[in-house]
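With chain W held as given, fit chain Y onto it using these hints.
Residue numbers (this note's numbering), protein chains in the order written: chain W, 6 to 478; chain Y, 324 to 640.
Don't take every hint at face value.
[What the hints assert, rightly or not] In silico DSS-like pairs for lysine-lysine, Cα to Cα no more than 27 Å straight-line:
no. : chain 1 : residue 1 : chain 2 : residue 2
1   : W       : K451      : Y       : K325
2   : W       : K413      : Y       : K361
3   : Y       : K499      : W       : K413
[As the list claims (entries may be wrong)] Computed, partial: chain Y to chain W, Cβ under 7 Å:
no. : residue
4   : M324
5   : I327
6   : L330
7   : A334
8   : L337
9   : L338
10  : A341
11  : M481
12  : P482
13  : S486
14  : N490
Hints listed in this document are in silico derivations from the structure and should not be mistaken for laboratory results. Please read these numbers as outputs of a predicted model, since none were measured by experiment. We put the beta carbon where it would ideally sit given N, CA and C, even for glycine.
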Amino acid sequence: MLFNSFSFVLFLPVVLLVHWLLPFRFRWMWLLAASYFFYGSWNPLFTLLLLGTTLLDWWLALQIERSADLKTKKRWLFFSVLSNIGCLAGFKYSIFLYNTYLWGSAALHGTAPAYLEDIIIPVGLSFYTFQSLSYTIDVYRGHTKAETNSAKFALFVSFFPQLVAGPVERYTHLRPQFDRETRLNPELIATGARIMLWGFFKKIVIADRLADLVNPVFAQPELFSGFTLFVAGFFFVVQVYCDFSGYSDIATGCARLFGYELMLNWKRPLLSASLHEFWSRNHISMTTWFRDYLYISLGGNRRGKLRQKINLFLTFVLSGLWHGAAWTFVIWGTLHGIVYLIESAIGIGKKITGWKRFPGWLYLITFHTLTLIAFRAESSHDLGVFYSRIFSGNWNLQTGWHELSTLKDTFPLLLGLCGIAFLFLKELHEEFGGLHRLRSYNTMLKPAFYIGIFVLLFVAGNFNANEFIYFRF
Amino acid sequence: MKRIVLLSIIALALLFTAREVLYIGVRKYDTGEFGKLKHTFIDANDYQILVIGSSRAESHFHSGIIADSTGLSVYNIGMTGATMPFVYTSLQAYLEKSKAPKYVILNVDYHVLQDPVDSIHHFPRYFPYIGENEALYNGISALDPRFPYFRYLAPYSMPYFGSRYLNVALRGFAGKPGRYDSTYVNGWSPTEQAATPVDSFDYAPYLSEGPEQIWKSMAQIDSLCKRKQAMLLVVLSPLYEKQSNAIINEKELKDRIAAFQTETDGLLFDYSRDTLCTRPEYFADPAHLNKSGAMVFSRRFAHDLNVRLAIKRIKRR
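This is chain W alone, in the form it adopts within the complex (with noise of 0.2 Å):
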């Protein structure tokens, strides 16, 4: 069931109304049931797999608790990592793995390699490993308790506005919240409606409006030029936030509709101006996981400097892996780890100040549009077309208009440039605050510009329900 779906616009009210009609007790086992029926819409065989990899997680981390000495506790922890990367393995990167295999082997031999198709992934597979591996690992630090409740802890990891595209919650944040008992009030209603119709309109609006000018040039790179590949990279830069931010908003939006407050997940990164300060933006559940439960347990900077940009660069690899089984993520994840470490090492940091943030913003926008193109290239080969006609210099303006305008029409073109001005405008507001100041704000500027973007949604959003690119994550 897709958040920008019919089914979801059924799913919720129901579910919301009886949430709230229910006693404070029995709440939190109804949004379990509707949790496991979110799920299970996909694909109802892959909730035994949720069910599974959930339970034995919880078993785990009791024995982690229980245990008396260190090397018990690690030999339950090995386990948990072994059964969730495992998990992950087997469905995410076996495939991939044996196909390198025969690449590879095909190779040496002079031959065509006849690669095994992908299979089917469980839908969230990566967020819901991560969340409840986490869990263990917090248990085995000492950070948290393990729970003794089966079914609560279900309920965190299963929670279902951040099941299948995270926010990747942390036990201690969300977990407490389902015993704090929340009353309905209008300013629940109102926030949760307001953070829910900007996702809405970030998703449907700008981010699938642009996927219909983006794909059709990562179909045939081949086809166009230097300028155009470009665009497109940068349009689906723009896509790629929308549609993830926007899932994320949808999911904080509804889960502040129950009463619960998800991670904050996204800091206006598109206003960077380094790359340290990107990732101290983007995907910040994300990426905090990857700092606190890999960073740090390779040894973080504990080990002499050598080995902590060793950790950083292999933590970036990683993260590129975590994003999909293909060598275009290793490269985008290497990309981002190396000119990290060369912003490390020439000393630039998170706190860009003044002027130089103008320059530093165009430097951190061509290099994520750049290192983006090989996140979405449809394989190497695509990604060495982009790269040899970005970087040969044909860049005729006027050529890469028409290609543009011609992608769909020149209406559809306008749209999406439109998307993307209001896209900065918005931001630019919430980084500045400009109209805050204004005494009519809150009273009268707020509720006409959600009113506003409420009547956009259905004039200039794309309903073909399009799936958000991170479910395939």
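For chain Y alone, coordinates are given in the frame of chain W:
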């Protein structure tokens, strides 16, 4: 809470208003596909020949050529994806506002005789007209029960309609035609050439069988024509030869069409095995003539029509 309710009401009211504004813009558009829909469902017309049917009717019968050759005014309301029940609805809707023509040309072919009848192709394009033409609304609602909801619930219809036709509405207000509008001539519009040559298609044998409703709709069209004193001319327009060869029950279908025609007071024109059908250069795809094919066919049809009508007139005397 009162404030939330009030703001929600304002938002919904604005949504309904925005939809009406979009519909007005689309109805103002008077060239190309939407100009044709406006002309068919809203304008009061007085044509002597009316072409009805699906995409083959739309792309095979060049209104200008037929009008020049017969000396009669011609309009083509053939619509891409129209099933036979929808063809009947569109004829009813046309007659709601316009005078009955002297002749109604119904294009029948093996394709339309096997179409399912429970879908309306590109259904959102009819939204702006259902409030203006009751026959269209009643007919289309009988075919698709969602239409009453589409008519009255903006949040339900807008996701299907909104952005898709925003461009059309803006062009309607600005009076600026679209890129492909100039291809339309009194409702006729050519089919775009497919990238694959017609000889490269896969022509697996198949049974051309559709629901009985198709034949019932044809009978309804005939009875409506009789009521309006319009002569029904049934035309089997050309399909590419290999496509016709693939139809297992071609003879049975032809017999049934002939039987249907004898019940009408009109004429049957059969081009399903015409020499034109053997010429790949005249086809955009196996089921549609391209622009030059349509022009050749229209000249031939107009000539035959003149001759057959003259013979019929002599016989009557």
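Any hints this thing doesn't respect? Which numbers, in order?
The structure breaks none of the hints.
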